[in-house]
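The primary structure of each chain is shown beneath.
Protein chains: 2
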Amino acid sequence: MKYAPKEEINARIEKLKVLMERASLDGAFFHYKIDYYYLTGTMQDCLLFVPLDGEPLLFVKREISRARRESPLVNLISYRSIKDIPQHVKPMKRIGMQLDVIPYNDVLRFKGIMGNVELVDCSPLTKEIRKHKSPFEIGLMEKAAEIGKKVYATIPELLREGVAEIEVGGQMEAYAKSLGHEGLLRVRSLNYEAYTWHILSGRTGSIVSQSDSPMGGLGLSPAFPVGASFKKIRKNEPILVDFGICYHGYQVDQTRMYAIGSMPEIFVKAYDVCKEIHDRVLDKVTEGYTSKELFEYSKELGDKFGYGDHYLGYKPHKVRFLGHGIGIELAELPFIAATHTYPIEEGAVFAIEPKMVFPGKGSCGYENTVHYTNGKCRIITDIDDSIIIV
Amino acid sequence: MKYAPKEEINARIEKLKVLMERASLDGAFFHYKIDYYYLTGTMQDCLLFVPLDGEPLLFVKREISRARRESPLVNLISYRSIKDIPQHVKPMKRIGMQLDVIPYNDVLRFKGIMGNVELVDCSPLTKEIRKHKSPFEIGLMEKAAEIGKKVYATIPELLREGVAEIEVGGQMEAYAKSLGHEGLLRVRSLNYEAYTWHILSGRTGSIVSQSDSPMGGLGLSPAFPVGASFKKIRKNEPILVDFGICYHGYQVDQTRMYAIGSMPEIFVKAYDVCKEIHDRVLDKVTEGYTSKELFEYSKELGDKFGYGDHYLGYKPHKVRFLGHGIGIELAELPFIAATHTYPIEEGAVFAIEPKMVFPGKGSCGYENTVHYTNGKCRIITDIDDSIIIV
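Chains as they are written, first to last, in this note's numbering: chain H, 1 to 390; chain Z, 1001 to 1390.
Just chain H, with the same shape it has in the complex (with noise of 0.2 angstroms):
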């Protein structure tokens, strides 16, 4: 197992408290696990305090000498109950709280027992940090590309004429655990759980469901109806691989395309688009476009093409994005979308997914986790690009 080291701990730490400072926040508290993973290295069932002067405190309820063990921050507590915060905290006037995730009881009830105190939301501060990636990350995100590589290597063995799309999914997965893949992927949404079997063909490829994508698939059941489903894989229909792994917390995304026997002419055509869409968008970046801009200039290309109808999905279902920044949060800043108007950053990664659906045959698509650094884009899925047909 890798620990975050001190400096990486200290050094997120520290940009929070510029941040903070500009906020006016006297301190914040990160009950999200997600955000104290970042700003600990642990993971085990804590409440991180950060006072804008002196030392952060982590308030561990279980396990202590795993969280200990885990993250370099030295002030580290016991505790059985947020009702023994206070008496550890300097009274404050203004705190941050990550009120876009805490359930509204809690948020009460933590407001109650810390007595008269403004409460602000400081998630969009941690999300701010987040956005550029440390060395020690990359490091961790090129891990995860690693085991994706070996996993989407595995993909011809797997398919075969009657295979189920579930069937190819979980062995995708159970060689990718086997890897050190941790088996789900994260967002930060109330409702919707993002999941790594999303293996789609023929037509379950045009099939839309309640996630934000221009194919959901079929899925199992009604309460779980997106992914990989009980439909055999034929014969020269379009198979879309869109299988993301999570190491150490740190997820990529990649999507590529199979068929047995061959691939219809018109995915064909559609998938040398998007790769002809995905690089293009990606000169863009370096040249300074804003996400907006980068991706109107997709749509317009999808058009130009003559891919209108089926770029991000056909209408009414088209979906306003083309790319979600991933580490620990499957989709975080920077995004590529309609309503975002900031540039890339430097130190961003991002997943950028250009897509066509054709309703009732199937979707193609082709995607890669890429790293803006010093004014390029690196690949970090570096996977062939070409369909392979088994």
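Bear in mind the hints are in silico, worked out from the structure with no lab data behind them. Do not rely on the hints blindly, as some may be mistaken.
[As the list claims (entries may be wrong)] For lysine-lysine, the following BS3-like pairs were computed, each having C-alpha atoms within a straight-line distance of at most 27 angstroms: (1) 231(H) with 1143(Z); (2) 315(H) with 1061(Z); (3) 232(H) with 1149(Z); (4) 1061(Z) with 61(H); (5) 231(H) with 1315(Z); (6) 61(H) with 1318(Z); (7) 318(H) with 1061(Z); (8) 1292(Z) with 231(H); (9) 2(H) with 1361(Z); (10) 1143(Z) with 61(H).
Chain Z: place on chain H using the hints.
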């Protein structure tokens, strides 16, 4: 795919309305998908409104044609933003909302849109009615158990000296998925993620982690510090397999013990005691003991048989529950726990899991999912209950 019948959904809504009237609610909103799946039959991206008087309205963001197929409700309305909601509902004074799970910011935003209303947490209402499982629900849980039985039957083939715990977990999961297991287990928690791959061998069975479990396991990294790990399974050590299955959203939970070569004597004896406690506690369920009494009784038995230091964990990591209701959430009413005072009611389904932990050596346990019906405890997860030696 099985869809919830109209009578089933109508009966659930009627039960809800009785509790709503008792709570003086004019209407209730369900944003969290676990409960609106229960009340509608669909997990598409929706928002359910149940007025005290009149028909439920299901607002569907994505994808309405699937929601129509999956849900027998008749009033489905396509919507884009919660701003669209007020025009469809009459003015109300007291409305229910799932304040235990919906993020603080989202509640405030919704309240702003709904105007001058009093918000009341309505999650206790659905938790209450979900306690009693219908024949339709039991059918789905029996199907989940059937999948579990097949999956457990493959364990002897998967166990060999030197195989990593996570390899066994991954293979079990791949097979389970090919039979309809949905991959995810669901819990009502911000920070705890349920998972199926809880395969612990030898000393990893005595490692405690963030989870509220006598044994958490080592896991794969600080970002997923629970469950199966890269530890290689050896001869003559206890192998605990606690693997949940989810079918159409309904879960079953079960634990059995395995060993390669032979099982050390202390675990053979402790396992017998676990089974004895399991059986005797179920007798007391039938006799009408309350949750707390059942829990205390089981502790007395643990002490009496000489396992006070091991039963449900070792100090200070002992857990304070022996069982948990199970259904569309892995942990729901009724619990068998130190702080719960109700008796187990007709129609309940719960998992009961006496477990013993021996620091540094490992653990053992026995667990079944049980249906309490017609005054009897019927074991749904009817897998061979002997220690399996391979």
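Which numbered hints are broken by the structure, listed smallest first? 4, 5, 8 and 10
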